[in-house]
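Visitor: Residue numbers (the working numbering), protein chains in the order written: chain A, 1 to 356; chain B, 1 to 905.
Incorrect hints may appear among the rest.
Unchecked claim - Some residues of chain B that are not near chain A, with every Cβ distance over 12 Å (derived):
1. D369
2. G394
3. A397
4. Q464
5. R512
6. G768
7. I901
Claimed, not checked - List time: in silico DSS-like cross-link candidates among lysine-lysine, alpha-carbon distance up to 25 Å:
8. A:K7 / B:K321
9. A:K213 / A:K20
10. A:K142 / A:K80
11. A:K218 / A:K201
12. A:K202 / B:K711
13. A:K7 / B:K791
Note that these hints are calculated values from the structure, not bench results.
If you're wondering where the values come from, they're calculated on a predicted model, not measured in any experiment.
For every residue, glycine included, the Cβ atom is placed at its ideal position computed from N, Cα and C.
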Amino acid sequence: MSLWVDKYRPTSLGKLDFHKEQAAQLKNLVQCGDFPHLLVYGPSGAGKKTRIMCLLRELYGAGVEKLRIEHQTVVAPSKKKIEINTIASNYHLEVNPSDAGNQDRVVVQELIKTVAQSQQIQSSTQREFKVVLLTDVDRLTKDAQHALRRTMEKYMATCRLILCSTSTSKVIGPIRSRCLAVRVPLPSSEEVCGVLASVCKKEGLLLPPELAKRISEKSGRNLRKALLMCEACRVQQYPFSADQDIPETDWEVYLRETANAIVSQQSPQRLLEVRARLYELLTHCIPPDIIMKGLVKELLSNCDGQLKTEVAHMAAYYEHRLQLGNKAIYHLEAFTAKFMAIYKKFMEDGLDAMMF
Amino acid sequence: MDEYDELFEIEDNFEEQFADELEAMAQMEGESSKPQRAERSPKSKRMKQDAGVVKRLFGETQPSAVLLQSEDITPPSSPEQYEPPSIARSNPAALDISGFALLQESPGRPPTGPPASHHVLKRPPLEGEYISVTDSSGSRIYLRQKEDSGTKTVNSRNVPNFLGELGLLSVPIRVLREQEADRRHQQLVEESQRLTELLTSSVNEALVQPEDTENDENKDPEDSDGQMSRLWVDRYSPRHYTELLSDDFTNRCLLKWLKLWDTVVFGRERKSRPARSDRLAANQSSFKPNQGNPNPNRFKTKTEVTEELLEAELDQYKRPKFKVALLSGPPGLGKTTLAHVIAKHAGYNVVEINASDDRSADVFQKRIDQATQMKSVLGANERPNCLIIDEIDGAPAAAINILLAVLNRKDGHGGEAGSDTAKKKKKKEPILLRPIICICNDLYVPALRPLRQQAFLLSFPQTQPSRLVQRLSEISVRQGLKADTGALMSLCEKTDNDIRSCINTLQFLHGRGHKQLDARTIQRVSVGQKDQNKGLFHLWQEIFQLPRTKRKRVGDDFEEAMAAGGGGQRFQHILDLAMSNGDYEKVSQGLYDNFLSMRVRDPNLQSVCEALDWLSFSDRLNQVILHNQNFSLMKYLPFLSVTFHFLFAHTHVPRISYPHSHHDASSRLLSSRNALSTMLADIPACIRTRISQLSLTVDILTLLLEIICPKLRPVNPQLFSSREKEQMHELINTMLAYNLSYRQDRTPEGQYTYILEPRVEEVVRFPGLPPRRQLTYQAKQTISREMEQEKMRRAEQLMLQRNPAGVREDKVNEKKSAGPKATSNHQQRLENIVKQTTVESRPEVDFFGRAVAPKPQKIEPSSHTGERCAVLAMGTAVGDSDVWFRFNEGMSNAVRRNVYIRELL
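Start from the sequences and build out the full structure, keeping to the hints where you can.
Guide: Next up, the structure:
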């Protein structure tokens, strides 16, 4: 527990640093006794998980922080054994069903049922329901989500679900309608700076506000990343200086270079090089949609106004195909090629216009 | 070597090379023109044949052969002899050599018997009874037992046993055979007359005539059942070595190989080979006699290698080196026919196993044993068997292993010195003494791999189209089908020179009532095309390469047809290829990997975009197919290949590489996933719950690696300032929390390095980026050691937490030293020692007081001194101190002490 991210993580709803209104609402929700299924969503680094854990603590007390990892084996109907790690306390169970890949439906069915079917013995001292926390719900297959629907209704008496995802777009409607959706937006830049300052203060360090601002910009207001960056800065150089360079994640640098390569030349040979780089990114476990997003962001900064809309349109088109398809590289490369074609045409048109 | 020798050599080579063929020719000629000395298919009892006879025969028959060839319509390379009309009319006996006459026979039957006047034979006759006679000079001749030719008309069913022999049939078999031969003979004469009329008549008549002849043939009492129902392929399949359409070299090699078996099967010596090697040795002493190659420095061509294989010495059982010949080649080139013809020609009885038989292992074993170890006793063909295993590439691996076991049997017994024991064993499992010919289409089937090494490999080249066309035109003339050379040529082209397919197509067209064939009809007809399965590389090649313009040899109208339907035809062609391949996944992967390196002018990247759109379309299609099991959509997949063909086809020969990229990427992805999951697996739960694999890769890991590389002074950690100590402590905490550690590793150069375990560094580091700051070896070493200590500290803390009471109790017990319960073994042992030392006092105690034992004991230490006190002192010492000692010879754990980690750190 020595990374700042872990060390200074708030543990109760009252201590949360930002979105305090929402925290108060959640507190009210828990205190009134009943508690619906929750769907907590928001970008990564906004503090969804922290909020959920605070909520659980509010609900069950400090016992919820005594966690243990359990290795569970679920047998699929096809006799295939699926091993999955769950994190559990006495009161709740956390599962990431997307670890099971295509067999997540079985995991959802079996695990949740076993938890939900067991009643709490001492209902006087404890709540009469347990909580199952499902993370990465947007990576659940449609089958698994449909399997979830009935379970959510049937075992309402003994079990509450908290679903955690980055976006609701991949959660099917029926599930969305069964849950209370809680959006956790990213903290504002000022809030990030405030958190950084308070953490540094607790560490006994002096953080120049300029550096804090730069860190929050560079991290894209992702608080987890901001804190890690801040700590990395501390490791690199202390005392801080306002203009010291902030370490970045390698894949972002790599992606930026890829985008530059695309902009600088448009030819099949270059496309071949870009393909190798895209493969490199994919094999480093960077999800294709994040690659697409980063690529578009970098490319758009090189485009003119008219071109921007077109590129954004193409990006949306190919990202949708990416979601539908299976081999990400085809779609990523298709987008790259399309961008190259558009960009080249645009540049040539511009040149022609200059000539005449 | 002077010129003369060289010339001589060449000549000799010719004779040697073609000896088998010459023999074949000679035999045939002998059969026809001099039936009395006919050397038919050799029998097992046949005497050894000397080369002189062959040569003499050859000399004699040469003129007639030339004569025949001059009348022949086929080129000399394949001297098929079709019916020469004049001979047919004048000399009925000569019909034997005409291919036509023979074609009418069923394959198994021997040719007609010789005229009755010749009774004295040098060899046992093929059929009929004979008596062997040895004359005074020792030479043996065979007299044919034969009845008068006049009597055979009298012989009918009701005449009982001719010659008074015992027989099961009412008419002796040979009489029946005679009758049969006679009848056939007459029929042949009739047939030939009819056909000569047919051939001499005009073409228009020929169009009508064959129907009649066929009808006539149908009416023939003998062949009515078999002949007309047969396919043309069977009817016109070659019966003789000289009629074979396949490549001459291949034929010759197989024949030579089969002749190598003569030594062991027929007991003949090899004839010309030793002579040649002797001569070679005489001419060039520098070369070893067995090396047939006169120029060893030169690289050997494939032909020479094959020849050399055939020249190789026989093994100890006088078998050739390769026990099996493996013929391979695409279907329809006449492999099976070749094997049959050659085996029959070399005097074997053909036993065939093919795919239509059961080929499970035990059945296979049985059949091989039957074929190789037994021979037919009944019937005329008491010749040795030659096993032909057709379509062996479809056989299961177990069956092929059995075949291999049969081949290698000699290894088990050949090595044994004692001939008696060997013989006894041989009775149980005799070695293979009969040739086996295997036939396959695909030489590289995995199951065949072991067999390939032990087999004499012969791959079939394509049939020459000219020869095939020749044969086809003969057949079509024979059947009254009017076909020009161009049409037949295009037919050959269409079927890839597949003989069977060509003839079948011809028959099909004939059956449909086509009497006239031209190129257009053939192009339009969709039969004759094989459902061929070419390799992936071939498919990719076809896709990326424009078809070459056709040569002009086919004919102008055909050319026009090609030009008119160019695009459509290419479309269809690629579509067919892709569909017949069927492995769309692999195909599209190959296209994806290769299309960008094609030399296509595409300045606007339009075709690249389109191609990638198609790829992503097919990817989505695949996803839908697999996910919803909607396989009806699969019909749209092959169009990807067509698109790529039209977008990227070029006249250049494309350089295509095998698509590895996807496989590589997925394996690398898997390995980095594994590294991440090993890292995640041991992270404590309180941290584990906050991070997922995704956030680890995207956000945390790079920065984490940065954080665990602080600047450390390269000094002993004892000398760190308090702030540095703090930093170190934090670092170690972090690394432990995230399940990272340094492991010492030895590089291949012998240097020691510390590497981060699990190997997540590779997951986040990208090539081509500036390298991150690394800790020095010393720093890593320090961290690693500190971590070990911290780990031990934590483990002990955990233990203490788990049973703090137990430890304290132990201590209390030790302090008391009179505790009734001994905690551990060594303490018990020590107590025993104490007891033993106090043994002397015990009886005294017993002797002293009756029931009150404690009392005197209590008194004694207080009152007495000396040794007893010392003993007790020792006892207390044992209990009191932390150190015990016991001398134990040869033991290393003499001194024991409880040591806590906290005391050491």
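Visitor: Now, for every hint given, state plainly whether the structure supports it.
Guide: Consistency of the hints with the structure:
1. D369: 43 Å, holds
2. G394: About 32 Å separates B:G394 from the closest Cβ of chain A, which puts it past 12 Å; holds.
3. A397: Per Cβ check, B:A397 is outside 12 Å of chain A; nearest 28 Å; holds.
4. Q464: Correct as stated: the minimum Cβ-Cβ distance to chain A is 43 Å, above 12 Å.
5. R512: 48 Å, holds
6. G768: 7 Å, violated
7. I901: 21 Å, holds
8. A:K7 / B:K321: Roughly 79 Å between the alpha carbons, so the hint for A:K7 and B:K321 is violated.
9. A:K213 / A:K20: 22 Å, holds
10. A:K142 / A:K80: Distance ~20 Å between A:K142 and A:K80 Cα, so the pair holds.
11. A:K218 / A:K201: Measuring from Cα to Cα gives roughly 21 Å; hence the hint holds.
12. A:K202 / B:K711: 22 Å, holds
13. A:K7 / B:K791: Distance of about 20 Å is within 25 Å: holds.
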